[in-house]
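Here the protein sequences come in this chain order: F and D.
When we follow this note's numbering, the leftmost residue of the first sequence carries the number 1, and every step to the right adds one.
When we follow this note's numbering, the leftmost residue of the second sequence carries the number 1, and every step to the right adds one.
Please keep in mind that the hints were generated in silico from the structure rather than gathered at the bench.
Honestly, I wouldn't trust all of these hints.
[Unchecked claim] Here are the in silico distance ranges between beta carbons for each label pair:
1. F:59 - D:65: 19 to 25 Å
2. D:8 - F:83: 24 to 30 Å
3. D:102 - F:15: 17 to 23 Å
4. F:12 - D:42: 27 to 33 Å
5. F:13 - D:26: 34 to 40 Å
[To be verified] Here are the simulated BS3-like cross-link-like pairs (lysine-lysine), alpha carbons at most 27 Å apart as the crow flies:
6. F:39 - D:43
7. D:23 - F:107
8. D:43 - D:13
9. F:107 - F:39
10. D:59 - D:19
11. D:87 - D:59
12. F:107 - D:43
13. D:87 - D:43
14. F:45 - D:13
15. D:59 - F:45
16. D:59 - D:74
17. D:59 - F:107
18. D:87 - D:12
19. F:39 - D:74
20. D:87 - D:23
21. D:13 - D:23
22. F:107 - D:19
[As the list claims (entries may be wrong)] So these bits of chain D aren't anywhere near chain F, every CB distance computed over 10 Å:
23. 10
24. 27
25. 28
26. 37
27. 40
28. 41
29. 45
30. 50
31. 55
32. 73
33. 91
34. 92
35. 99
36. 105
In this text, a Cβ means the ideal position worked out from N, Cα and C, and glycines have one as well.
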Amino acid sequence: AIQMTQSPSSLSASVGDRVTITCRASQSIRSGLGWYQQKPGQAPKLLIHGAVSLHSGVPLRFSGSGSGTDFTLTISSLQPEDFATYYCLQDYNYPYTFGQGTRLEIK
Amino acid sequence: DVQLVQSGVEVKKIGESLKISCKSSGYTFRNYWIAWVRQAPGKGLEWMGIIYPDDSDAKYSPSFEGQVTMSVDKSISAAYLQWDSLKAADTAFYYCARQTGTNPTYFDSWGQGTLVTVAS
Chain F
1 AIQMTQSPSS
11 LSASVGDRVT
21 ITCRASQSIR
31 SGLGWYQQKP
41 GQAPKLLIHG
51 AVSLHSGVPL
61 RFSGSGSGTD
71 FTLTISSLQP
81 EDFATYYCLQ
91 DYNYPYTFGQ
101 GTRLEIK
Chain D
1 DVQLVQSGVE
11 VKKIGESLKI
21 SCKSSGYTFR
31 NYWIAWVRQA
41 PGKGLEWMGI
51 IYPDDSDAKY
61 SPSFEGQVTM
71 SVDKSISAAY
81 LQWDSLKAAD
91 TAFYYCARQT
101 GTNPTYFDSW
111 GQGTLVTVAS
């Protein structure tokens, strides 16, 4: 199975900061990567699909980049509602696999 | 609107069987893969497997193969996840999610989650 290594595992930041979360795949997954946000007590929510495509309704401050093995989720200017846990998911090859998650906390 | 509504909280004992459900509405159920995702208390997301309702083609993660069974009932647009003999380690939230698209593909609609607690 493809391993997804996500970093950092946690991150403290302030409102207005620019933050970057990365995922590295153990082999090429081309653009088969999605980013999901999960808030406590809620189901995950899709942010980015195909590594770079913003899902409908997701604020423009979220962006994704990368292909092959290295991927990045960037939040350009953190808002209070962005403090949550973020996961990457490779959907290129079965079994699909999640990264370990990044918990984004308020500094 | 697309909706996935999961069955409610379950409290079971070790060794008991269980079947939880995910009922879909607002789209043609048979044409979209449905995945199951586990989240143990305080832990990350784990992809368990995926099933195609039209022909019940199922793909399991090796970690879950033989431990759970996915199934569907097209007549009521429902997907199921079942255990024959629960373990304490099965205690978790379980989410169903609809897969959309072909290239790329993604999970755009999720159920609210079902909490399964397995006690001794």
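Hint-by-hint comparison with the structure:
no., hint, verdict
1, F:59 - D:65: 19 to 25 Å, "38 Å, violated"
2, D:8 - F:83: 24 to 30 Å, "29 Å, holds"
3, D:102 - F:15: 17 to 23 Å, "38 Å, violated"
4, F:12 - D:42: 27 to 33 Å, "19 Å, violated"
5, F:13 - D:26: 34 to 40 Å, "36 Å, holds"
6, F:39 - D:43, "13 Å, holds"
7, D:23 - F:107, "40 Å, violated"
8, D:43 - D:13, "22 Å, holds"
9, F:107 - F:39, "17 Å, holds"
10, D:59 - D:19, "18 Å, holds"
11, D:87 - D:59, "22 Å, holds"
12, F:107 - D:43, "22 Å, holds"
13, D:87 - D:43, "17 Å, holds"
14, F:45 - D:13, "31 Å, violated"
15, D:59 - F:45, "23 Å, holds"
16, D:59 - D:74, "18 Å, holds"
17, D:59 - F:107, "41 Å, violated"
18, D:87 - D:12, "10 Å, holds"
19, F:39 - D:74, "31 Å, violated"
20, D:87 - D:23, "25 Å, holds"
21, D:13 - D:23, "25 Å, holds"
22, F:107 - D:19, "42 Å, violated"
23, 10, "17 Å, holds"
24, 27, "15 Å, holds"
25, 28, "19 Å, holds"
26, 37, "8 Å, violated"
27, 40, "12 Å, holds"
28, 41, "12 Å, holds"
29, 45, "5 Å, violated"
30, 50, "7 Å, violated"
31, 55, "16 Å, holds"
32, 73, "22 Å, holds"
33, 91, "17 Å, holds"
34, 92, "13 Å, holds"
35, 99, "8 Å, violated"
36, 105, "5 Å, violated"
Of the numbered hints stated above, those contradicted by the structure are hints 1, 3, 4, 7, 14, 17, 19, 22, 26, 29, 30, 35, 36, listed in ascending order.
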